Amino acid sequence: MESLSYNELRITPSSLVVGHNFVEAVKDLPPVNISASFIQAGSRRLNGADICDQLGIDHPCWYPYACFKGHYWLVVALATAQRWIPSFEAWSIQFCRETLHNSIIHSKYGLKGGSLLDLKYVLNGQMTGCEKNDRLNVIRCNFENAHLSYSTSSFPVVDAFP
Numbered sequence: 132m133e134s135l136s137y138n139e140l141r142i143t144p145s146s147l148v149v150g151h152n153f154v155e156a157v158k159d160l161p162p163v164n165i166s167a168s169f170i171q172a173g174s175r176r177l178n179g180a181d182i183c184d185q186l187g188i189d190h191p192c193w194y195p196y197a198c199f200k201g202h203y204w205l206v207v208a209l210a211t212a213q214r215w216i217p218s219f220e221a222w223s224i225q226f227c228r229e230t231l232h233n234s235i236i237h238s239k240y241g242l243k244g245g246s247l248l249d250l251k252y253v254l255n256g257q258m259t260g261c262e263k264n265d266r267l268n269v270i271r272c273n274f275e276n277a278h279l280s281y282s283t284s285s286f287p288v289v290d291a292f293p
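Quick note: the sequence shown, position 15, residue 146 per the working numbering, numbers continuous.
If you are wondering where the hints come from, they were derived from the structure by calculation, not from laboratory data. You may find that some hints are simply not true.
Distance condition first, Cα-Cα at most 27 angstroms in a straight line; then the derived BS3-like pairs of lysine-lysine [claimed, not checked]:
hint	residue 1	residue 2
1	243	158
2	158	200
3	158	239
Computed spacing ranges between beta-carbons, pair by pair [stated by the list, open to error]:
hint	residue 1	residue 2	range
4	227	160	14 to 24 angstroms
5	220	165	23 to 33 angstroms
6	158	207	22 to 32 angstroms
7	148	226	33 to 43 angstroms
8	226	151	28 to 38 angstroms
9	148	177	17 to 27 angstroms
10	148	216	27 to 37 angstroms
11	205	151	20 to 30 angstroms
Just so you know, these numbers come straight off a predicted model, no measurement behind them. C-beta atoms are modelled at their ideal positions from N, C-alpha and C, and glycine is treated no differently.
Construct the complete structure from the given sequences, taking the supplied hints into account.
Following this line, the structure appears as structure tokens:
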């Protein structure tokens with residue numbers, strides 16, 4: 132929605148389709164299952180009623196507005212608590228990591244368990260010997276040290292050998 136209001140100065144027929152498809156695509160997605168009226172209330176609060184009226188987004192009743200305002204207060208309270216209490220910030224980071232890991236790896240909507248493939252190499256910061264091969268001896272262009280020069284035909288030429 133923000134990209135619509137930023138990139139398009141006038142509402143076009145394609146804007147109407149994008150606005151409608153945004154609400155239809157996001158509503159009732161697991162695991163959060165946000166209702167269409169909550170999305171419409173949030174769009175109206177964030178983007179303004181004028182642009183939402185032009186996009187044809189419906190007017191929800193008072194309840195989704197109240198829910199969105201409560202969600203806003205919750206986000207502000209959590210952000211303030213994380214700023215003032217470092218231990219709460221550390222706990223919330225760990226909680227989000229565990230929740231995301233469980234919802235992606237172990238949930239029925241996610242991967243339903245870890246990978247079935249065995250890992251053959253685990254990074255530990257050391258070279259294994261596989262990195263050394265004949266390809267390193269081939270002359271290659273080092274773009275950090277390459278000098279850009281212009282030929283007589285006005286096309287940029289990269290000088291690979293400074």
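Structure-based check of each hint:
This hinted pair checks out: residue 243 and residue 158 have alpha carbons roughly 24 angstroms apart, not beyond 27 angstroms. For the suggested pair residue 158 and residue 200, the alpha carbons sit about 18 angstroms apart, so the restraint of at most 27 angstroms is met. Between residue 158 and residue 239, the direct Cα distance comes to roughly 19 angstroms. Compliance with the 27 angstroms bound is thereby established for this hinted pair. Here the CB-CB span from residue 227 to residue 160 is close to 19 angstroms, well matched to the stated 14 to 24 angstroms.
Take residue 220 and residue 165: their Cβ atoms lie about 26 angstroms apart, and the range 23 to 33 angstroms holds. At about 25 angstroms, the beta-carbon gap between residue 158 and residue 207 stays in the expected band of 22 to 32 angstroms. Our hint of 33 to 43 angstroms for residue 148 and residue 226 holds, since their Cβ atoms are close to 39 angstroms apart. The hinted window of 28 to 38 angstroms between residue 226 and residue 151 holds, with their beta carbons roughly 36 angstroms apart.
A C-beta distance of roughly 20 angstroms is found between residue 148 and residue 177, which places it inside the suggested range of 17 to 27 angstroms. Distance hint check for residue 148 and residue 216: the Cβ-Cβ separation is about 45 angstroms, which falls outside the suggested range of 27 to 37 angstroms. Taking 20 to 30 angstroms as the suggested C-beta distance range, the pair residue 205 and residue 151 conforms, at roughly 28 angstroms.
In this structure, the one hint that does not hold is number 10.
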